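Make the full structure from the sequences, and use the hints.
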Amino acid sequence: MSVKSAFHFMSLFSDTKAILGGFRITLSHMLRKPVTIQYPEQKRTPSPRFRARIVLTRDPDGDERCVACYLCSAACPVDCISMQSAEREDGRRYAEWFRINFSRCIFCGLCAEACPTMAIQMTPDYEICKRDIMDLVYEKEDLLIDGCGKDDSYNFYKHAGIGVTQPRGAGLEESKPVDVRTLMP
Amino acid sequence: MTAFYLDIALFAAKLGLVFFVILTLAAYLVFAERKILAWVQDRKGPNRVGPFGLLQPLADLIKLLTKEDFVPAAADKWLFYLAPAMAAIPAILIFAVIPFGAPLTIAGRQLPLVVADLNVGLLFFLALSSIAVYGVAIGGWASNSKYSLLGGIRGLAQLISYELSMGLSLVPIVMLARSFSLTDIVEAQATVPFIVYQPLAFIIFLISITAECKRIPFDLPEAEGELVAGFHSEYSGMRFGLFFVGEYINIIVLGGLATTFFLGGWHGPLLPPVVWFSLKTLAFAFFFIWMRGTLPRLRYDQLMHLGWKVLTPLALVNILVTGWWLVLIR
Numbered sequence: 184m185s186v187k188s189a190f191h192f193m194s195l196f197s198d199t200k201a202i203l204g205g206f207r208i209t210l211s212h213m214l215r216k217p218v219t220i221q222y223p224e225q226k227r228t229p230s231p232r233f234r235a236r237i238v239l240t241r242d243p244d245g246d247e248r249c250v251a252c253y254l255c256s257a258a259c260p261v262d263c264i265s266m267q268s269a270e271r272e273d274g275r276r277y278a279e280w281f282r283i284n285f286s287r288c289i290f291c292g293l294c295a296e297a298c299p300t301m302a303i304q305m306t307p308d309y310e311i312c313k314r315d316i317m318d319l320v321y322e323k324e325d326l327l328i329d330g331c332g333k334d335d336s337y338n339f340y341k342h343a344g345i346g347v348t349q350p351r352g353a354g355l356e357e358s359k360p361v362d363v364r365t366l367m368p
Numbered sequence: 003m004t005a006f007y008l009d010i011a012l013f014a015a016k017l018g019l020v021f022f023v024i025l026t027l028a029a030y031l032v033f034a035e036r037k038i039l040a041w042v043q044d045r046k047g048p049n050r051v052g053p054f055g056l057l058q059p060l061a062d063l064i065k066l067l068t069k070e071d072f073v074p075a076a077a078d079k080w081l082f083y084l085a086p087a088m089a090a091i092p093a094i095l096i097f098a099v100i101p102f103g104a105p106l107t108i109a110g111r112q113l114p115l116v117v118a119d120l121n122v123g124l125l126f127f128l129a130l131s132s133i134a135v136y137g138v139a140i141g142g143w144a145s146n147s148k149y150s151l152l153g154g155i156r157g158l159a160q161l162i163s164y165e166l167s168m169g170l171s172l173v174p175i176v177m178l179a180r181s182f183s184l185t186d187i188v189e190a191q192a193t194v195p196f197i198v199y200q201p202l203a204f205i206i207f208l209i210s211i212t213a214e215c216k217r218i219p220f221d222l223p224e225a226e227g228e229l230v231a232g233f234h235s236e237y238s239g240m241r242f243g244l245f246f247v248g249e250y251i252n253i254i255v256l257g258g259l260a261t262t263f264f265l266g267g268w269h270g271p272l273l274p275p276v277v278w279f280s281l282k283t284l285a286f287a288f289f290f291i292w293m294r295g296t297l298p299r300l301r302y303d304q305l306m307h308l309g310w311k312v313l314t315p316l317a318l319v320n321i322l323v324t325g326w327w328l329v330l331i332r
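Chains A and B, in that order, are what the protein sequence lines are. In this text, residue positions in the first sequence follow this note's numbering: the first is 184, and each later residue adds one. In this text, residue positions in the second sequence follow this note's numbering: the first is 3, and each later residue adds one.
In case anyone wonders, no lab produced these hints; they're calculated from the structure. In this text the structure is predicted, and so the values were computed from the model without any measurement. A few of these clues could be false.
Straight-line alpha carbon distances no greater than 30 Å define the calculated DSSO-like cross-link-like pairs of lysine-lysine that follow [as the list claims (entries may be wrong)]:
hint, chain 1, residue 1, chain 2, residue 2
1, B, LYS65, A, LYS313
2, B, LYS46, A, LYS226
3, B, LYS46, A, LYS216
4, B, LYS65, A, LYS200
In structure tokens, the structure reads:
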């Protein structure tokens, strides 16, 4: 037997071994428990940071957080958010109407990142299929929830919004306004 | 005269039973394949229709029957209609010569559990398996599509190369049993199955029948990665279903033949003969499915290399060695 044919014989041996090894692996997988999650009956619990249906939250006092600043609609890459801003008598801004078209939404979460008041938030509720595409256009009353969502102690007007809900200097990180006339040398 | 009618009735009953069992088995083999492949891939497989998905073949049948029967423009209509039947019918016909149990005695007369005990049964099988290729080739040609044509041509080339080694691997069996009749071949294995004397012929035959029923790793005529679906790309509805059922009948029949030639047919201890035959045949079917879940498809030149340069010479050498051995032990 020449060197070359001896080499061929060895490769035959190792090839056969490799093929049989493949058969062994598939057999072992056959006896393993399937990893399938059978969706409608079994549901995976998504993480709290899962990005699905968008909601509008309220601050701890129960007022709408949204100040209709348009930052979310500006950040939205598919332009699915639209609104009309308005102002209450006490000077607090709110959205007259607020509309998210979920048939366009790509659930990128940029609106929630852009929001300065933590009003617009992503939730893990991913089951929002509808028979009629117009049902996927959510109005403000569909979007607004009663709770605070993820940052449950945050209240925008306690930190900013000078003189709207409280007098100047009453905010959390604010000091009392200084009477400049007392700053005499 | 009544004896004549009784014979006819018994024969018809046997025929109907065989036909029914083969077709049902083929349908459930599709289901079994989907299940086992799913398990190999850590999935669950079809489990929605009926308990454990057991009614899935029925649902598939209804779906296929109610689908549009589409014929491509400029297709050769008659050949296009003919090809699926050419693929499925020879596969069923081969089963006619396979003995699937010990002869029964009913009402004082012997009833051999084989549809037709031809004295050239083995040649009948080889001839019919050659005819089955025409279904592939004609289907590929009549579709008027380049992918179908390529699939059909591949099928032809593949079957020519593997039929040779398949036939040659069976010659030692005929030498040992001294008969072409499958009933005699099974009788000759009453004590020792031929796989003990002929392990090499068994391996060659196993590889050849895998190529014969066009299954992975020899599914080049279909090769969904390259040829869409090969020779049946253009087929839809029940015509496609006929190709599909033909493939699975082929698995059962070729498994049954491998059982008959090498594993001693229906011979076996304790269990009734029919059960032994079914068990061995289904073991082959399982092996084919297992192989599909394991091996990748061969390249075209590798296939030709294996067929012409490895299997055929090996089968010839095996015949020579068997001949010498038979002369020596005489």
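Now the hints, each set against the structure:
{"no.": "1", "hint": "B:LYS65 to A:LYS313", "result": "27 Å, holds"}
{"no.": "2", "hint": "B:LYS46 to A:LYS226", "result": "16 Å, holds"}
{"no.": "3", "hint": "B:LYS46 to A:LYS216", "result": "9 Å, holds"}
{"no.": "4", "hint": "B:LYS65 to A:LYS200", "result": "43 Å, violated"}
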